[in-house]
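Below are the chains, spelled out letter by letter.
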Amino acid sequence: MKSFICLSMHIFFIICFPGPGIIAFQASESEELFFSSNQAYSQGRFQGAIDGYEQLLRSGHKYGTLYYNLGNAYFRLDQLGRAILNYERARLLMPGDADLNFNLNHARDKIHDAVSESPNLVSMTFFWLNDLSLGNLLRIFAFLNILFWTVLLLRLFFKFELTYYASIVSLILWIIAGTSFGLKFYQLNTDNRAVILEHKVNILAGPDISDTVLFNLHAGTIVHHERSEDGWSLISLPDKKRGWVRAGAMESVVIQD
Amino acid sequence: MKRPILLLLALFQFMLFSCPARGDVSVSIRVDREKATIADSIGMVVSITGAGESDSPPVFKDMEDFHITQGGTSSRFEVINGQVNSRIDYSFLLQPKKTGTFEIGPVEVRVDGKAYRSNKTTLTVVKRSQSNSMDQDPVFLTAGLSSTEVYEEEQLIYTLKLHHQTMVSNISLDLPEAEYLTFRQLGKPVEYRSFYNGQSYDVIEIRYVLIPPEKGIYIIEPSKMEMIVTQPESRSRRGLFDDPFFSFSTGRPKTLTSEPLELRVLPLPDTGKPSDFSGLVGNFHITSKLEPDTLKVGESATMTIVVNGRGNTNRIPDLKWPEPEHIKVYADEPVLEIREDAEGLSGSKTMKWALVPEKEGRYKIHPPSLSFFDTEKLQYQKIKTPFLSINVLPGKTKQIQASSGHSNGQNIKGPAKKSVKELGHDILPIHTSVQGLGKGPLISPGGIVFWFIFIGPFFIYAIAFLGLKLGKRSDTFNTTLKAKKAARKCIRRCRQDETSSIDLALYFRNYLNERFGLSLGSMTSIEAAEILKSRGVSHNTAQEIQNILKGLEDAIYTGKGHNVCPLGEDISQLVRQVEKEIQ
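In order, the protein sequence lines correspond to chains A and B.
When you line the first sequence up against our numbering, it's residues 19 to 275, in that order.
When you line the second sequence up against our numbering, it's residues -17 to 565, in that order.
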């Protein structure tokens, strides 16, 4: 029985924390395309770089690095909206990347509209959520999940004081990690942020071009996309302003596969 | 003797209080001159004859053209040839406000409730003739400008001089009100003695500075000075009491006005006006100082520039100059000092900068320049300080690092730390490493690996837990089955017909052996009861079993063991009771 448990745990650790050989990038055409796109960027052919990065993304390589590079290329072409959109997408995948946060802050400084989200109680309590991606939280939770059940398993056979406290501590960590993972998962699945892409767009009172213009928004401003109707999207701002905008004038941060 | 005395007293009282006839009351006014200048004060006396007192002071009507000051009151009482006369004189001083011929009076006085009116008189007030009045007046006021034609923002001096040969006191001054012109007094009034037209005067001089802000022609209205002039009464003999302290002099108010002045203010010329001209007009010069001129990297030197001169010093600008490369410049708050003297306003502005070199070398400091309009040369001037240089030696930081192992624990301070100044803004470059691309989500929510990792440990634990539980449950189950089986066997046998005492005792012993896993070959009733008690059977049941077994033992040991025993049913019931109690 014990040998069976040890074998199972060994398999779990190998799966959860694979060695570098396992995660090596599959050298292929994609790799060549990535390098050629980088070269285009360094030579100032930013549109060529964008085409390359977009092709990689379309082929399923949805990595933070690609979104980051794409954001840089759009920034160089003065497409602030698309630059911020891709930086935000990259941030979902690698929120702790220092370069990304620097560039995103720099791009945000250039936004015309003063729209900012105020932190809520959840984000203040689970303050680490903004700096950890869902993958990171998943790995942490996976580790703590295995640790917790392993400790419980040990306690079945060895009812020592040490295993008792270890089970209590691992239970607390397991709950925290599980809650964090759950919240992050919920955030990502309810993330309705969208980025204004055009230089200046009219926000109307209704989904019709003849409706009253309520206010204007500019490229890079992040709004909340509530619903879409007939090529129009209902958006809202943190200060409760609401209105309709043409669907093509903005794009959601989270890509719905 | 007494009667004559009483008569005299009665007569005296009658003379004193009864004689003044109220019906003879008359009021008259008189002035001390019929013609006066506007600068004079005219004495006027209102006399009330025939009354010892009036109900109220005299009331003037239609005298708005004069300032009226009451001088005093005198009463006179006379008895001449039995005729009693009384008179009250009210003295007033009139100061005309304008020239012209004025009718003085009538004045109304109320005596015993009855109103009496005075006569009228005429007074002619003429404009004062400067030359004549100055020649003749012992007190006169003059005003003058240092220059009647100046440029914008050029300062000039307005001087008021009070010449007097008599004593004056209680002087008050009303300066003219001129739009855009502000009179700023220069120091305290100066008193000195001077000669005017061959006559000696005491002079009180007051100076004001004027700075006309805009071009144009300004009329400076006369200044007005009011005072009390003390005129000693003329005496034929001079003696000890001719001293003013003892003299019986009278003071009368006097108002003097100066002559109006015209000021012509010229615009500053456009030709040659420097681009950095700040409106500074006057005469200025500039000095600079740099201390120390040799220092090390990280240390600070102080550059001081002082602009001083005469003119509108408040317009001295804060000077700016190009900051040399590799030298941080921190400006201090400029200090402006304005001084007043008899010539007008002068002052200085001191500006200081702290220079902190960041790199060794020799640096040239380009001095700032200052432009102003020179009122002496009547042209714009540009002044600047000579070039300054600063010699920067290597700082201590590197030396400290090199010799830090030999510093003997001395606390050597490095250069002053400064916040990093951002010079530009741009994004950081792209990521070129393929390693970043390898960070794909190996574990994704909903995938096989995800469920394997998150459900797997739980299943392993559950299996282990159940295995342990089942293992335990199997032992107990076997024991229970064995016990039930033994009980059923014992009951079935005990219920058989014609069962002897030996058989019953054997059945019960076998039951206990099978039920509790024992291997007893023989067993007394007491031992059986103890076993049952130790396995959780109640004392009563154990005692009943002990009694039955004792009966069986007695039958066996008395030779009746093979006889049929009727206790089979009792034993069966007791076995059931045992099973029940043990469970």
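Derived by calculation from the structure, the hints in this document are not laboratory data.
All C-beta atoms in this analysis are idealised placements derived from N, C-alpha and C, irrespective of residue type, glycine included.
Some hints could be false.
Claimed, not checked - Footprint (simulated), chain B over chain A, 3 or more residues, beta carbon under 8 angstroms:
#, region
1, 118 to 131
2, 162 to 169
3, 182 to 192
4, 204 to 214
What the hints assert, rightly or not - Derived DSBU-like pairs (lysine-lysine); straight-line CA-CA distance at most 35 angstroms:
#, chain 1, residue 1, chain 2, residue 2
5, A, LYS128, A, LYS80
6, A, LYS128, B, LYS109
7, B, LYS109, B, LYS17
8, A, LYS177, B, LYS17
What the hints assert, rightly or not - Short derived list, chain A residues pointing at chain B, Cβ under 10 angstroms:
#, residue
9, GLN65
10, GLY82
11, LEU95
12, ALA101
13, ASP115
How the hints compare with the structure:
1. 118 to 131: holds (count 5)
2. 162 to 169: holds (count 5)
3. 182 to 192: violated (count 0)
4. 204 to 214: violated (count 0)
5. A:LYS128 / A:LYS80: holds, 27 angstroms
6. A:LYS128 / B:LYS109: Distance ~79 angstroms between A:LYS128 and B:LYS109 Cα, so the pair is violated.
7. B:LYS109 / B:LYS17: holds, 11 angstroms
8. A:LYS177 / B:LYS17: Violated, because 133 angstroms separates the two Cα atoms, which is more than 35 angstroms.
9. GLN65: violated, 15 angstroms
10. GLY82: holds, 7 angstroms
11. LEU95: This interface hint is violated because 12 angstroms lies over the 10 angstroms limit.
12. ALA101: With a minimum Cβ separation of about 8 angstroms from chain B (threshold 10 angstroms), the hint on A:ALA101 holds.
13. ASP115: Because about 8 angstroms separates A:ASP115 from the closest Cβ in chain B, which is inside the 10 angstroms limit, the hint holds.
The structure does not agree with the numbered hints 3, 4, 6, 8, 9 and 11 stated previously, though it agrees with the rest.
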